[in-house]
Amino acid sequence: MPAASPARVLVAEDNRADRLLLSAIVRSEGYHVVEAVDGCDAVEQFRTHRPHIVLLDALMPRMDGFEAARRIKAEAGERFVPVIFLSALGADDALLAAVEAGADDFLGKPYNQVILRAKLSALERLRMLHATMQRQRDEISRHHAHLVQEQEAAKAIFDKVAHTGSLDEPCIRYLISPLAVFNGDVLLAARNPAGNLYVLLGDFTGHGLTAAVGAMPLAEIFYGMSNKGFGPGDIVREANRKLGAMLPKGYFCCAALVALNVHKGTIEFWNGGLPSGCLFRAGRRELVHLESHHLPLGIQGDARFDSTTRVLEVEPGDRLILCTDGIVEARNDTGEAFGYERRDEIIRRTRPEESAFDALKHAVYAHMGASGRDDDITLVEVTVASPQQVPIAAPVQPVENGGGSEEWRLSYELGPRSLRSSNPLPLLQHVVTEFPQLRRHAGTIFTVLTELYSNALEHGLLRLDSSLKSSAAGFAEYYRARSRALVELDGFLRFDFRCEMDGAGGRLYITVTDSGPGFDYSAKLAELDAPREGEYHGRGLRLLRELCQSVSFRGRGNEVEVVFAWSGEHG
Amino acid sequence: MAERLDRALLEERRMLMNDGFAALLDAYLDDSERRMGEIGDALESGDLERLRRAAHALKGSAANVGAEALAVLCEELEDAAEATGLDALGPLVDRVRAELRDVRDAVVAEQQKH
Amino acid sequence: MSIASQLSKDGRELTIRVSGRFDFSVHQEFREAYESLAEQPARFRVDMREACYLDSSALGMLLLLRDHAGGDHADVEIVNCNADVRKILTISNFEQLFSIR
Numbered sequence: 001m002p003a004a005s006p007a008r009v010l011v012a013e014d015n016r017a018d019r020l021l022l023s024a025i026v027r028s029e030g031y032h033v034v035e036a037v038d039g040c041d042a043v044e045q046f047r048t049h050r051p052h053i054v055l056l057d058a059l060m061p062r063m064d065g066f067e068a069a070r071r072i073k074a075e076a077g078e079r080f081v082p083v084i085f086l087s088a089l090g091a092d093d094a095l096l097a098a099v100e101a102g103a104d105d106f107l108g109k110p111y112n113q114v115i116l117r118a119k120l121s122a123l124e125r126l127r128m129l130h131a132t133m134q135r136q137r138d139e140i141s142r143h144h145a146h147l148v149q150e151q152e153a154a155k156a157i158f159d160k161v162a163h164t165g166s167l168d169e170p171c172i173r174y175l176i177s178p179l180a181v182f183n184g185d186v187l188l189a190a191r192n193p194a195g196n197l198y199v200l201l202g203d204f205t206g207h208g209l210t211a212a213v214g215a216m217p218l219a220e221i222f223y224g225m226s227n228k229g230f231g232p233g234d235i236v237r238e239a240n241r242k243l244g245a246m247l248p249k250g251y252f253c254c255a256a257l258v259a260l261n262v263h264k265g266t267i268e269f270w271n272g273g274l275p276s277g278c279l280f281r282a283g284r285r286e287l288v289h290l291e292s293h294h295l296p297l298g299i300q301g302d303a304r305f306d307s308t309t310r311v312l313e314v315e316p317g318d319r320l321i322l323c324t325d326g327i328v329e330a331r332n333d334t335g336e337a338f339g340y341e342r343r344d345e346i347i348r349r350t351r352p353e354e355s356a357f358d359a360l361k362h363a364v365y366a367h368m369g370a371s372g373r374d375d376d377i378t379l380v381e382v383t384v385a386s387p388q389q390v391p392i393a394a395p396v397q398p399v400e401n402g403g404g405s406e407e408w409r410l411s412y413e414l415g416p417r418s419l420r421s422s423n424p425l426p427l428l429q430h431v432v433t434e435f436p437q438l439r440r441h442a443g444t445i446f447t448v449l450t451e452l453y454s455n456a457l458e459h460g461l462l463r464l465d466s467s468l469k470s471s472a473a474g475f476a477e478y479y480r481a482r483s484r485a486l487v488e489l490d491g492f493l494r495f496d497f498r499c500e501m502d503g504a505g506g507r508l509y510i511t512v513t514d515s516g517p518g519f520d521y522s523a524k525l526a527e528l529d530a531p532r533e534g535e536y537h538g539r540g541l542r543l544l545r546e547l548c549q550s551v552s553f554r555g556r557g558n559e560v561e562v563v564f565a566w567s568g569e570h571g
Numbered sequence: 572m573a574e575r576l577d578r579a580l581l582e583e584r585r586m587l588m589n590d591g592f593a594a595l596l597d598a599y600l601d602d603s604e605r606r607m608g609e610i611g612d613a614l615e616s617g618d619l620e621r622l623r624r625a626a627h628a629l630k631g632s633a634a635n636v637g638a639e640a641l642a643v644l645c646e647e648l649e650d651a652a653e654a655t656g657l658d659a660l661g662p663l664v665d666r667v668r669a670e671l672r673d674v675r676d677a678v679v680a681e682q683q684k685h
Numbered sequence: 686m687s688i689a690s691q692l693s694k695d696g697r698e699l700t701i702r703v704s705g706r707f708d709f710s711v712h713q714e715f716r717e718a719y720e721s722l723a724e725q726p727a728r729f730r731v732d733m734r735e736a737c738y739l740d741s742s743a744l745g746m747l748l749l750l751r752d753h754a755g756g757d758h759a760d761v762e763i764v765n766c767n768a769d770v771r772k773i774l775t776i777s778n779f780e781q782l783f784s785i786r
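Protein chains in written order, with the working numbering: chain A, 1 to 571; chain B, 572 to 685; chain C, 686 to 786.
Treat the hints with care, as some may be off.
In silico BS3-like pairs for lysine-lysine, Cα to Cα no more than 30 Å straight-line [what the hints assert, rightly or not]:
no.: 1; chain 1: A; residue 1: 155; chain 2: A; residue 2: 361
no.: 2; chain 1: A; residue 1: 228; chain 2: A; residue 2: 242
no.: 3; chain 1: A; residue 1: 73; chain 2: A; residue 2: 119
no.: 4; chain 1: A; residue 1: 361; chain 2: C; residue 2: 772
no.: 5; chain 1: A; residue 1: 109; chain 2: B; residue 2: 684
no.: 6; chain 1: A; residue 1: 228; chain 2: A; residue 2: 155
no.: 7; chain 1: A; residue 1: 242; chain 2: A; residue 2: 155
no.: 8; chain 1: C; residue 1: 772; chain 2: A; residue 2: 249
no.: 9; chain 1: A; residue 1: 73; chain 2: A; residue 2: 155
no.: 10; chain 1: A; residue 1: 109; chain 2: A; residue 2: 119
no.: 11; chain 1: A; residue 1: 109; chain 2: A; residue 2: 155
no.: 12; chain 1: C; residue 1: 694; chain 2: A; residue 2: 242
Source of the hints: derived by calculation from the structure; they are not laboratory data.
Work out the full structure: start from the sequences and follow the hints.
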């Protein structure tokens with residue numbers, strides 16, 4: 001019957017003869033007996049000996065069985081201590097009182113050994129079962145507490161990586177509502193060296209640690225590469241490669257990356273698997289969808305991965321909205337999803353000075369009502385600032401020492417294969433910012449390099465007509481033509497740097513030469529001196545003239561030299 | 572005496588208790604005397620609740636030694652203490668006392684047998 | 686059962702029928718439907734006629750099936766999708782990996 005050490009049974013009975021008899025019966029069944037002579041004694045003995053099963057007479061002096069049972073049950077707390085009442089309690093109300101006091105069974109007089117044996121072993125089994133259950137429950141809750149603690153630690157680490165950067169800038173409003181401690185959603189924002197805003201929204205399959213573990217390299221790639229001047233296409237390609245290598249099969253990350261350049265009035269985006277984003281052109285009250293054209297990150301191998309981005313023109317006051325499927329799939333009490341139509345309608349109704357963010361957030365919560373949230377809801381809105389609000393370069397990095405005297409030259413030439421497949425800017429930026437004096441002006445130099453490069457490539461080599469960009473349709477056509485021409489490109493492009501600096505300041509000469517036929521720059525420059533409002537082309541040249549001491553064309557127009565100068569004190 | 576005590580039950584108790592059987596019977600004699608005294612006191616002082624409890628206790632221990640007739644009488648008294656007035660209880664208490672006397676004689680005889 | 690599967694008479698095509706919500710709760714059943722076969726069929730069909738919903742873990746399960754069926758050389762069809770299911774597959778651009786009808 002009872003295992004290694006016998007279970008202890010408390011026998012509480014004030015009639016000595018009955019107590020002797022019952023103890024003898026219980027003992028003969030192999031249990032260890034603890035005796036009590038009344039209710040008070042029973043509670044006392046219970047405290048001292050912690051018996052496993054309690055037999056209580058109902059009517060006892062000092063404290064009756066009902067009160068004793070209540071106190072013993074309270075004393076036992078979570079532990080299940082079966083209580084058998086010793087009385088043929090005939091009347092229903094006495095029976096009820098016993099049950100209310102915690103009676104688990106009854107035993108009448110005369111005591112019958114066979115019946116008592118059956119009752120004790122049944123209660124003993126029940127007690128064991130209860131103890132096992134409790135042990136398992138405790139184990140589960142210990143594991144759970146441990147898991148929650150680990151998740152919290154992981155989240156704390158994750159937050160340091162993922163929610164830094166530019167998310168707090170006034171032009172960004174966002175909402176991340178976690179379903180668990182960790183949700184599968186990642187929202188990252190950063191500025192590249194030229195001050196362009198990069199926003200990445202990702203939604204990992206599943207919630208919890210898998211998502212979190214994947215989010216770390218994603219954040220690292222995003223911040224690292226945008227900071228070095230890589231473009232959106234380079235970033236998603238690298239993220240796809242890394243996630244594909246580390247995530248288990250069947251896990252992936254739906255993501256959209258948008259880069260906003262307010263000076264050129266463009267956004268460049270890539271969307272793989274996220275619900276369409278929205279570009280709301282507030283002035284024209286026009287809504288353009290940023291559709292998903294790609295597989296999510298982490299599925300396709302690098303060779304088949306398509307990092308092609310799309311470019312759209314934007315104006316100050318336009319709004320860019322990205323969300324995860326939590327919003328479109330948010331369901332109300334009847335199971336109806338919020339859907340795309342509602343989302344678009346709310347954005348369309350927003351007045352130019354209003355934020356679509358608040359309206360959308362309230363509408364989704366109102367739609368869900370009391371039915372709660374069954375997925376992660378992440379929503380971000382970026383308002384396109386006017387160029388005057390955004391400094392051309394990213395904030396200057398402080399420099400420890402001013403750097404000594406330097407004089408160097410560097411020449412870097414790209415052939416057609418390189419031009420088709422790689423972006424030279426991060427490398428050049430890296431070289432230039434190795435010099436402490438130049439590092440202070442890293443943002444401005446990056447902007448200058450970007451403009452020189454895209455001018456030489458798109459106009460000098462690819463012969464694209466920038467006047468196409470005067471209309472919205474032509475704008476899209478321009479970028480399509482660019483992709484086509486790049487494939488057939490034949491030619492080269494060369495950067496020549498010459499730098500002279502001492503403690504008092506310095507000059508960086510950058511010459512970009514392309515193998516194209518050149519252009520009539522005198523006419524172009526005259527045109528630039530009489531700028532017209534609202535034109536899309538020519539912005540690049542004007543920007544260069546603002547940032548550099550001089551901009552001059554040479555040769556047949558296939559060679560441009562800019563001089564970037566700075567003084568020693570600051571800036 | 573056979574009708575006072577359930578022989579089979581008593582034999583079972585003896586087998587269970589072994590050397591303790593005599594002590595069990597001693598304890599019964601003490602308990603029952605004390606309970607009967609309580610019943611007499613309660614009747615005199617008119618404490619019906621005390622009377623009922625003592626009758627209940629006397630009933631239980633009677634059943635445990637196989638004194639069925641006494642147990643039945645005690646139950647009658649227990650019920651009567653709740654249902655009827657004090658005056659009607661006197662004769663019933665007398666019957667319980669008489670039955671108990673016979674049971675005790677039988678128990679003493681049982682003790683002497685061994 | 687929310688997952689039922691049937692092998693064609695010649696044993697060359699396995700059809701897996703999904704009914705109700707296609708989400709993580711059927712993950713075990715879905716895997717067993719194709720992993721339990723002694724011989725690998727040449728083609729797989731996932732029939733969505735009875736499926737009302739699918740979530741991202743279902744997309745993951747489809748990717749696992751594709752991988753099992755030979756990755757880039759896999760012949761996996763997803764058929765009879767309702768509008769909601771179709772939309773989710775389209776957003777994820779799964780037509781680049783599966784033939785969807």
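Discussion item. Please verify whether residue 694(C) and residue 242(A) have alpha carbons no more than 30 Å apart.
Written reply: Violated, at roughly 43 Å.
Discussion item. Checking one constraint from the list: CA of residue 109(A) to CA of residue 119(A), max 30 Å. Satisfied?
Written reply: Since the Cα atoms of residue 109(A) and residue 119(A) sit roughly 14 Å apart, the hinted pair holds (cutoff 30 Å).
Item to complete: Assess, step by step, whether the Cα of residue 361(A) is no farther than 30 Å from the Cα of residue 772(C), and give holds or violated.
Response: With Cα atoms ~23 Å apart, residue 361(A) and residue 772(C) stay inside 30 Å; holds.
Worksheet item: Does the alpha-carbon distance linking residue 73(A) and residue 155(A) stay inside the 30 Å limit?
Response: Measuring from Cα to Cα gives roughly 42 Å; hence the hint is violated.
Worksheet item: Straight-line Cα separation of residue 109(A) and residue 155(A) no greater than 30 Å?
Response: Violated, because 64 Å separates the two Cα atoms, which is more than 30 Å.
Practice prompt. Quickly compare the C-alpha distance for residue 109(A) and residue 684(B) to 30 Å and report which way the hint goes.
Written response: Measuring from Cα to Cα gives roughly 26 Å; hence the hint holds.
Discussion item. Would the hint linking residue 228(A) and residue 155(A) be met if the CA-CA limit is 30 Å?
Written reply: holds, 26 Å
Discussion item. Holds or violated: residue 155(A) and residue 361(A), Cα atoms, limit 30 Å.
Written reply: holds, 24 Å
Worksheet item: Are residue 228(A) and residue 242(A) close enough, with their CA atoms no more than 30 Å apart?
Response: holds, 18 Å
Worksheet item: Holds or violated: are the alpha carbons of residue 73(A) and residue 119(A) at most 30 Å from each other?
Response: Holds - the C-alpha atoms of residue 119(A) and residue 73(A) are around 19 Å apart, at most 30 Å.
Discussion item. Hint check: residue 772(C) vs residue 249(A), CA-CA at most 30 Å. Holds or violated?
Written reply: Roughly 23 Å separates the two Cα atoms, so the pair holds.
Item to complete: For the pair we were handed, residue 242(A) and residue 155(A), check the Cα-Cα distance against 30 Å.
Response: holds, 21 Å
Against the hints set out earlier in the document, violations occur for numbers 9, 11 and 12.
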